[in-house]
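Peer 1: What follows is the residue order along each chain.
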Amino acid sequence: MNTPEIYYTLGMLGTVAFAVTAVLAVIPKQIDLFGAIVMGIVTAVGGGTIRDMILDAPVFWATDLNYIWVAVVSSIVAFYGNQFMSRKNIYSLMLYLDAVGIAMFVIQGAEKAIALDFAQPVGPVLLGLITAIGGGITRDVLAGNTTLLLKKELYALPLTFGVISYLILIQIFPDQVKLMGTLCATLTFFIRAAAIHWKLHVPNWMLISKRS
Amino acid sequence: MNTPEIYYTLGMLGTVAFAVTAVLAVIPKQIDLFGAIVMGIVTAVGGGTIRDMILDAPVFWATDLNYIWVAVVSSIVAFYGNQFMSRKNIYSLMLYLDAVGIAMFVIQGAEKAIALDFAQPVGPVLLGLITAIGGGITRDVLAGNTTLLLKKELYALPLTFGVISYLILIQIFPDQVKLMGTLCATLTFFIRAAAIHWKLHVPNWMLISKRS
Amino acid sequence: MNTPEIYYTLGMLGTVAFAVTAVLAVIPKQIDLFGAIVMGIVTAVGGGTIRDMILDAPVFWATDLNYIWVAVVSSIVAFYGNQFMSRKNIYSLMLYLDAVGIAMFVIQGAEKAIALDFAQPVGPVLLGLITAIGGGITRDVLAGNTTLLLKKELYALPLTFGVISYLILIQIFPDQVKLMGTLCATLTFFIRAAAIHWKLHVPNWMLISKRS
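Chains A, B and C are the protein sequences, given in the same order. Okay, so the first sequence: first residue is 1 according to full-length UniProt numbering, each after it adds one. Okay, so the second sequence: first residue is 1 according to full-length UniProt numbering, each after it adds one. Okay, so the third sequence: first residue is 1 according to full-length UniProt numbering, each after it adds one.
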């Protein structure tokens, strides 16, 4: 496989992970198959859709429906195979695939904003983050769950770090944009993976110490 | 009345039903008149607005403000007449009008996506569903209610069946698009009406059987 | 300062107030710094962003990133200085600055809709309201809080009154658009300020009297 094919494959793996983890997250709510598929699709393509609406660009899945099909099939498999999917090792695999997804999508979202020369340098950071976590946040809102914005898990922070690093590095190495993208996505993935493995939390100085 | 006029009238009846049922749904939350009108408008035009934003088309109500006016007046009437509107036979009428609305809007949303050649064949299905249920879901999110995605009522399923039937039938009978639209909307309405009448639920194979 | 500069300064003060009150509102939820900044940005620019997406116009902050920077810095200051910011006189100041913000943004949103000749006369009213309260509603949804639509506080009503007055007055005095805008924003601010000062609630005839 050449580089674009690897990216595409990783993007699809991320889509699978987004849909599967979404369905597993809402199954305790006694959702039915239809609801599960909606949650899977929303989580998988929601972030990129919001990004494209802000960019006033055509939504990305309109020209490549594989994103939707992969989300639908993954959701159905996760729905009926939830006892299998919830098994610790499979769930763990999904968490790491989710990390692959968010790490890729945060850089990809920033790249798209840069390509459209959108509100640099803040726009690419914001749209990268929206691409990566917008779908998950929408899912939590629809499911009535606490959104990840209110959790102390180290989830959004590695993304923010990765995308800001990317924007700085492509200023320094303007001829190595692709390499820097790969580097920063990889870095983001490893920080997130470390957070999953060692159950890392947001550092204390980023939390309110309530002295009441 | 000729066919477009019938469609328009049915669309307005659906708008009335969307607004009235929205207001009745949020009244237990002690909402005030302003909140009730917002909920009525959001429910009545929210789905179509999200559809048009995804399609990157001008929002439909911008060129025909009757949708907004009808939603506002219906909301006010439902707010002050809630004791009258909540009466069993009136509420029942509203449920059936809501069924008219969603059955028409799901086909109409798909038609608009087809007319703009948007992401066929999956795009029309998704945008049809968003047109029909997007407003109701937004209302539930704003009101802090459980969204219909988490309810076992047979609501979204007849819509999905109707819009997929429509897409298949217009492939087979490409010269009978209008007829097939009418047919599938009618079919969708009757399935939903049967679900209301016999209090049908989602079939068991679409539910998770928790064997824990 | 000339008039546009005064407007710009007031807009930035409103942005500060939106971000600060947002962070103070979510701190009891044990949010971390990242979540606080997201809430601050969403509240400060969310309403205008939704407006621009409905108008199919470029999002306003894309061409003036000061809105984002001011929101980010205000959020960080509010996060770490929350004990200071929560002090009664500071919080009170923020409430009045928030009133400045919503009063300006409701007129500004209407003006933008009028400039684009969008769905007059209802469109400007709706988009003015969305500009002023859309960010706060999105914040409440993301934080899992009851939205202001379900509160009896006199918040949205002064805005509605102000923006409708504006639309009527510019019909009567078409040569005095700027003056009427200033007048109606000021009027809106004073009604809202009165509501804060005397803790005014929505009038009784706008509430449901449940006779059950």
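Source of the hints: derived by calculation from the structure; they are not laboratory data. Small disclaimer: the values here were computed from a predicted structure and weren't measured. The reader is advised that the hints may include incorrect statements.
No copy labels: a pair is met if it fits in one copy or bridges any two.
Under the rule of at most 30 Å between Cα atoms (straight-line distance), these lysine-lysine pairs were calculated in the DSS-like manner [said to hold, decoys possible]:
1) Lys151 to Lys112
2) Lys88 to Lys152
3) Lys178 to Lys88
4) Lys29 to Lys112
Peer 1: To test your reading of the hints: which numbers does this structure violate?
Peer 2: The structure conflicts with hints 3 and 4, although it agrees with all the remaining ones.
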